[in-house]
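All chains, please: the whole structure from these sequences, using the hints.
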Amino acid sequence: MKISRRTFLGGVLVVGVPVALPGSAQAADEFAPNVFVRLDDRGRITVTAPKPESGQGVRTMVALLVAEELMVGLDDVRLEQAHGDTARFGSQAVGGSFSARQLHEPLRRAAATARCLLVTAAARRWGVPVEECAARDGAVRHGRRVLRYGSLVRDAAALDPATVPVTLTPPERWRLLGRTRAGRVDAKAIMTGKARYGIDTRPPGTLVAVVLRPQWIGAVVDAVDDRAAKAVPGVVAVTTLDPATSGQGGVAVIARSVPEALRGREALRVTWRGGTPTADSRQWLADLETALPAVPTAPGPVAFEATYKLPLLAHAPMEPMNATAHVTAAGLTVWTPTQDPGTLRLILARQFGLDQAAVRVETALTGGSFGRRIEFDPVLEAVACSRVAGAPVSVLWTRDDDMRHDSYRPMSVHRLAAVVDAEGVPTWRAHGVATWPLNILPFFDNPDIVKANGDHFPYTVPGQVDVTLRDAPLRTGFWRSVYAGHFQYAEESFLAELGHRAGLDQVELRRRLLPADSRLRRVLDVAASRAGHVRPGVTRGVACHEEYGSVVAVVADASEGRVRRVTAAVDVGPVLHLSGVRAQVEGGVMDALSTVSGAQITVRDGRVVQSSFRDYAWARIDQAPDVDVVLVPSDAPVGGVGELSYPPAAAAIAFATGRPVTGMPVGVGVG
Amino acid sequence: MGRYRLHVNGERRDVDVPGETPLLWALREQLGLLGPKYGCGVGACGACTSLVDGKAARPCVTAVGEAEGKRITTIEGLSEDGDHPVQRAWLELDVAQCGYCQPGQIMSTVALLAANPDPDDAEIDAALRDNVCRCGTYTRVRAAVRLAARMKRGER
Numbered sequence: 001m002k003i004s005r006r007t008f009l010g011g012v013l014v015v016g017v018p019v020a021l022p023g024s025a026q027a028a029d030e031f032a033p034n035v036f037v038r039l040d041d042r043g044r045i046t047v048t049a050p051k052p053e054s055g056q057g058v059r060t061m062v063a064l065l066v067a068e069e070l071m072v073g074l075d076d077v078r079l080e081q082a083h084g085d086t087a088r089f090g091s092q093a094v095g096g097s098f099s100a101r102q103l104h105e106p107l108r109r110a111a112a113t114a115r116c117l118l119v120t121a122a123a124r125r126w127g128v129p130v131e132e133c134a135a136r137d138g139a140v141r142h143g144r145r146v147l148r149y150g151s152l153v154r155d156a157a158a159l160d161p162a163t164v165p166v167t168l169t170p171p172e173r174w175r176l177l178g179r180t181r182a183g184r185v186d187a188k189a190i191m192t193g194k195a196r197y198g199i200d201t202r203p204p205g206t207l208v209a210v211v212l213r214p215q216w217i218g219a220v221v222d223a224v225d226d227r228a229a230k231a232v233p234g235v236v237a238v239t240t241l242d243p244a245t246s247g248q249g250g251v252a253v254i255a256r257s258v259p260e261a262l263r264g265r266e267a268l269r270v271t272w273r274g275g276t277p278t279a280d281s282r283q284w285l286a287d288l289e290t291a292l293p294a295v296p297t298a299p300g301p302v303a304f305e306a307t308y309k310l311p312l313l314a315h316a317p318m319e320p321m322n323a324t325a326h327v328t329a330a331g332l333t334v335w336t337p338t339q340d341p342g343t344l345r346l347i348l349a350r351q352f353g354l355d356q357a358a359v360r361v362e363t364a365l366t367g368g369s370f371g372r373r374i375e376f377d378p379v380l381e382a383v384a385c386s387r388v389a390g391a392p393v394s395v396l397w398t399r400d401d402d403m404r405h406d407s408y409r410p411m412s413v414h415r416l417a418a419v420v421d422a423e424g425v426p427t428w429r430a431h432g433v434a435t436w437p438l439n440i441l442p443f444f445d446n447p448d449i450v451k452a453n454g455d456h457f458p459y460t461v462p463g464q465v466d467v468t469l470r471d472a473p474l475r476t477g478f479w480r481s482v483y484a485g486h487f488q489y490a491e492e493s494f495l496a497e498l499g500h501r502a503g504l505d506q507v508e509l510r511r512r513l514l515p516a517d518s519r520l521r522r523v524l525d526v527a528a529s530r531a532g533h534v535r536p537g538v539t540r541g542v543a544c545h546e547e548y549g550s551v552v553a554v555v556a557d558a559s560e561g562r563v564r565r566v567t568a569a570v571d572v573g574p575v576l577h578l579s580g581v582r583a584q585v586e587g588g589v590m591d592a593l594s595t596v597s598g599a600q601i602t603v604r605d606g607r608v609v610q611s612s613f614r615d616y617a618w619a620r621i622d623q624a625p626d627v628d629v630v631l632v633p634s635d636a637p638v639g640g641v642g643e644l645s646y647p648p649a650a651a652a653i654a655f656a657t658g659r660p661v662t663g664m665p666v667g668v669g670v671g
Numbered sequence: 001m002g003r004y005r006l007h008v009n010g011e012r013r014d015v016d017v018p019g020e021t022p023l024l025w026a027l028r029e030q031l032g033l034l035g036p037k038y039g040c041g042v043g044a045c046g047a048c049t050s051l052v053d054g055k056a057a058r059p060c061v062t063a064v065g066e067a068e069g070k071r072i073t074t075i076e077g078l079s080e081d082g083d084h085p086v087q088r089a090w091l092e093l094d095v096a097q098c099g100y101c102q103p104g105q106i107m108s109t110v111a112l113l114a115a116n117p118d119p120d121d122a123e124i125d126a127a128l129r130d131n132v133c134r135c136g137t138y139t140r141v142r143a144a145v146r147l148a149a150r151m152k153r154g155e156r
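Taken in sequence, the protein lines are chains D and H. Numbering follows this note's numbering, with no gaps: position 521 of the first sequence is 521. Numbering follows this note's numbering, with no gaps: position 4 of the second sequence is 4.
Certain hints may be false.
What the hints assert, rightly or not - Anything over 12 angstroms on all C-beta distances counts as not near chain D; from chain H, calculated: (1) Arg-5; (2) Glu-11; (3) Arg-12; (4) Val-52; (5) Lys-55; (6) Glu-66; (7) Glu-68; (8) Gly-69; (9) Lys-70; (10) Arg-129; (11) Glu-155.
Claimed, not checked - Pairs of lysine-lysine residues, derived as DSBU-like cross-links and limited to a Cα-Cα distance of at most 35 angstroms, are as follows: (12) H/Lys-55 / D/Lys-309; (13) H/Lys-152 / D/Lys-194; (14) D/Lys-188 / H/Lys-55; (15) H/Lys-55 / D/Lys-230; (16) H/Lys-152 / D/Lys-309.
Calculated from the structure, these hints are not laboratory results. Using N, Cα and C, we set each Cβ at its ideal position, and we do this for glycine too.
This is how it looks when you write it as structure tokens:
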């Protein structure tokens, strides 16, 4: 990486370093700083969090990386949230469990550069060798002499960074990264009700809108009678949204307040045409089963074959989808919870023919994303409404809207077959998958891409994976772990069944199929040892996963029909934030519990049946097991963790229920 | 339209809305109290949970007319500076992920501990089962309720 640039602007030291974008061929001599650490002459440290917070802990990670290298406490670093600007901040997308891998090195380097400049400035002022000076607690020290950072900022900014060697603090000397028990930086604001989410952002004079959405999948507005709606007190305007340009289409009621907008929506009379008013998710599943690829010719007799059927899933973040937009003659400003403010800005500029400089995208905290907020449909609705109203408009999706107009995790059907040796250990495997692409992104309309995304089989069993895609009959999108959540759930469920039939211990079976020196076998051993012996009356499931440069092994114990304890051993390379890594693993386990124990989306008569947490059976606290996360550090490069635990936790929990596993949820009709 | 006199977080606050207006929107849109969160609007998720006369209630399904004359406490009114034992326990165990459901989880816990200073796990589960967390913080919530109970009893 090229040496960092520093600038001196009115008493402020700014260090910017480039974040290498995945797959980009940035020329070595090209310099584009896009993470920034600033120190002012009062010693205040500010860092821009380039990516939005969805609860995955990215803001805390950013602050920790900077505090570590600047030798200050976590509380000494002030965070600013970046607005959307890819030219300035690089990729601002959160997804693919990528943020830690992408940001840890450049952020440490930016902060370490600032530290080395400050130490050099102090050494010169004292006329002593740099090696005799050290930075600690916001100051540079030499013997008993102390210079606060603030007093060194001007000198540091005048140095030529090319002459100052930059050294990163090695992991064994970290004070905070992987060590501190500190919680997330936004915790106090959250606990006191002061945290602001997208839904809380309403500039003065903002109107609100709710949308009457297509009454069945693909329906478009035929005729609107809005006389009664417009007569509702507080309703300002009614407008039809064009699905070609304004999200998913429908009729928006714009009013002064949410209750008035909702009353207006109730008073609308709309007729619909087109679409698929008779669609039924049971039929979709049957169609996928028919589309399964043929089992390839096996090198021996097939010992066992099984089929697994997986349902639609909704994201259902606790903060429903929403967006606020203000269209003016000068341009467009948007406030919205999003996973990618940078791309959103580019898309808005392109779609509305605006200069990028005329588009401002602000993002606050986000009440959960899980893949849904990679999409921008509420923003396009808000823009359309603001144009009509000539004022800022905040579009609120009701929970019913959010659940019935999601971009769902696709259904899938899996057929697995295996040849086994005399002991019942598989020696060959075949996995046929029939599913849908993620139709929000054309890139995924390709079986090879879907296979590459989903197939992470970690064991030493040769075999074949074939994927057939059928057109998705409704909107489909990214859902935590994406296709690995389908493929590896089926693979691990099948392996568990093979082991069960052969009377093999589930841990021992997997140990035999993993190289002795592999990271995965190490975490499997740790998880098994931590979980201990299986007690009487307990059924146990075991599964592993390797992705994002990380590995995890999960052991789930159930008794009396309830999952009691889940043990997960993870190796993510060096841990950056202890509580954050644990939280991500815990979250994946709870998603696994929910989707195995009953949550699914079904479609009848062209309409999603579920409309709230009453019927989308997400797990509640009374189902929650104890979750024991064991961190197994290694010297592997920093890996991702957000989506790591979901696939194996789902398979381990499913097997632990002791019920026949034929798909997801377990023991419930699918579709 | 009617004018309703609410008693919120120790202050008298007047709101000028129809009586059937959900209290949640009066709190959020009229009074600027954004701590109670909109999550479902049908009393099915608990994100807006606040105290009405000391008991956990769902402002999204409580009409302003019904709330008049009652003492309403939102997360903002729980403590001056986040130092209520339940908030301290939540901080110590770093419960929140996205945090959106947590004001509701906290307010349900405050109501639980007022009625039952030493709840066991089954009682915790029963009191909080209608507070949905989509990030999966339940194991930390349960531990934080136990810790808050100890703090409140002065054991911590």
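Please name the hints from earlier in the document that this structure breaks, with their numbers sorted from lowest to highest.
10, 12, 15 and 16
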